[in-house]
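> Starting from the structure of chain G, add chain E where the hints point.
Protein chains in written order, with the UniProt record's numbering: chain G, 1 to 419; chain E, 1 to 419.
Rather than coming from a laboratory, the hints here were simulated on the basis of the structure. Possibly wrong hints are sitting among the right ones.
Which bits of chain G does chain E cover? Going by a derived footprint, with three or more residues having C-beta under 8 Å, they are [to be verified]:
#	stretch
1	94 to 102
2	171 to 184
3	297 to 309
Each residue gets a CB set at the ideal place from its N, CA and C atoms; glycine is no exception.
2 protein chains.
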Amino acid sequence: MTTNIDVASDRRQRSADTELRRRAKAVVPNGMYGHQNMNAFPAIPQFISRSRGARLWDADGNEYVDLMCSWGPVILGHCDPVVEEAAERQRRQGDCLNGPAPVMVELAEAMVDTVADADWAMFAKNGTDATTMCCTIARAATGRKMILVAEGAYHGAAPWCTPFPAGVTAADRANLLQFRFNDIGSVRAAVGEHADDIAAIIVSPFRHDAGFDQELVDPTFAHDVRAYCDEIGAALILDDVRAGFRIHHGGSWEPLGVPVDLTPWSKSIANGYALAAVTGTDRYRDAAGGIFVTGSFWMGAVDMAAGLATISELGRRDSVSRMRDLGVRLRDGVVESASKWGFDVHYTGPSQMPNLLFANDTDYEMSVAFSAEAQARGVYVHPKHNWFVSAAMTDGDLDMALTGLDGAFSALRVRYLNS
Amino acid sequence: MTTNIDVASDRRQRSADTELRRRAKAVVPNGMYGHQNMNAFPAIPQFISRSRGARLWDADGNEYVDLMCSWGPVILGHCDPVVEEAAERQRRQGDCLNGPAPVMVELAEAMVDTVADADWAMFAKNGTDATTMCCTIARAATGRKMILVAEGAYHGAAPWCTPFPAGVTAADRANLLQFRFNDIGSVRAAVGEHADDIAAIIVSPFRHDAGFDQELVDPTFAHDVRAYCDEIGAALILDDVRAGFRIHHGGSWEPLGVPVDLTPWSKSIANGYALAAVTGTDRYRDAAGGIFVTGSFWMGAVDMAAGLATISELGRRDSVSRMRDLGVRLRDGVVESASKWGFDVHYTGPSQMPNLLFANDTDYEMSVAFSAEAQARGVYVHPKHNWFVSAAMTDGDLDMALTGLDGAFSALRVRYLNS
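Chain G with its partners taken away, still in its complex shape (with noise of 0.2 Å):
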């Protein structure tokens, strides 16, 4: 169902995207991996060549509203530059060096000052490489072995964690259980008799599984977890790799009140740039301290640079409001549209970072379409993941995003509703 949809997108020039799309199928398997797969959404651009603040061009020089941030890194904008700046200003002294260059400590302390739960940081590349870690250190203070995690849970791509099974083992899965996410009476059940060997328990600040309705924490389920971590001796981690520093200038369960053991960041930190940290407490000092695990280009000075400024920059531009502001405006504009057109549409999850799904669209079918329409008409969205809004987004740039999505749904509304 996701080939040949006949959308306004067949106006815009496309054959740059057709040409990559046919190379890379030659020298790249299948012709992409990973979640920048777009060989089943054909109208969706893949290749990208261009940015600049809230917009962004593909290889074909079309221009689009971006509602995807690059999947969540970028926060502040595309090339904002203040962060630019900083990376240049350390490019010209170093990047990957023979040891960490002045500027990780400062960017240590910087964690450590934004958040609360954090008494210490490493920093990594991968947001993988963040969770994986905070797995090890958990194990490695505790001694023990078991890391419980939600159903349908995504917390990276390496064997132990990647949503689809090709080349995973039963071993990678040998010590995992799972609990339903907000539901407490779930995670009693799956640790059962196993308390004594329960390391962690990894968990999401928000459900935000691709494909499904997000759902908000339930404020008395992250009490209890934190509860029923302390009771059972094990570590509470909060993979806030996705959602870090756009829910909160901080760790996003921090206005809950609940503190966390271990954070994995990565994505929106370094506006780009590729980093990944984690924060954790000094109870788990130690045990972080005592575990291997290194990467040739982890102490990159120049992404670390970015990091700085992007965690100065997001505070002092207060810019959590900024894009809750624009995400709130952003969903009352989709709801509204949604229901002028005749659609019962599901926009779920924090409003910087909203997902929209189709009632009874099983199949995505009509999500695949709607993303199709909209990036016709010059507003880049993803049919089956959340977007992210940016703090770069100007009163133009929502203008024109709230127009496209509202073009997107008269069409829609031509073809499934049959006027």
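Structure of chain E alone, referenced to chain G:
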């Protein structure tokens, strides 16, 4: 034994490094982690501020000829102007985007053109990402679970391969079997009755385990392990993360005429920009296209542009020959100095990636002292890890390195040989 070594370095300014170490200790577990943890070597500067060509400067402004090349990544020299210009050109367009930039296709095409055994390429951020992906692809392709690894070999720092066990569970290693490098009998013995369940044999192009003499591959072993993989239907993975593009402009076993199935790359393929890659043959294309691996920054276009420029420049400048020639002159000079001052040293491995150990120095006391004396004379080497030569070294850089290392032997003679 590694503390309080009284070296000439005491004459060098160290206050900035000392202060940064103090601050790091407060906000980073153990003050530093992974291979960058220099806490065991107080005489070696931890923090590096600046680099250019074959020179670098520590946080106190002390200058060094660089024989570590950021642990391998820097191959054309720090801040190579051609690579920097290519990166900057891409940066002006965009870096971390909603999809890959066109340069991703060009880079994959360049890898396929350059590497004999590459029919396709995929990209990631860490060497560990790439070695892990190769194992996953081999498992997906064969439907088998076990991987053979050489005893003591380093293939990354994820739980399945990190050299230190803290936080690692038995399940993480449940599907590994071990053989001895260059010993085909040990390969057959390790496989034993598991022949039908071996997904892959992973091997480095030569033995480069840190802290040990390096060992070049016996060409007969390379041919035998290839034939044995074919016999049992397993993939041959050549881990070229550390050596790739320094030994040969292509795969490191190409000169031996030994084809391999899957190759992880990282370190030097982008001259210090954060990039890793997997290449493979058509036989493994479908499996590679069927696994789910990804990362938020894996499509970073600037790193890819740097990689494309690096691979192109390495070929155009015939950099492997230059590094080999420099390495031979370095080896000849170091071996001559050692002999002149009366030291029995083991100088092993390819000339471009040499390893220096002292005979009967089981606790590395002499190699630590030697490194400290070398640092004090403006030569950056490591006491336990192989060194790396870059193509940026001038004859003057080489002379400065040889003079400094000769001086280090001279200082050691006073201490250890009492004359």
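> Against the earlier hints, flag every one the structure doesn't satisfy and list their numbers going up.
none
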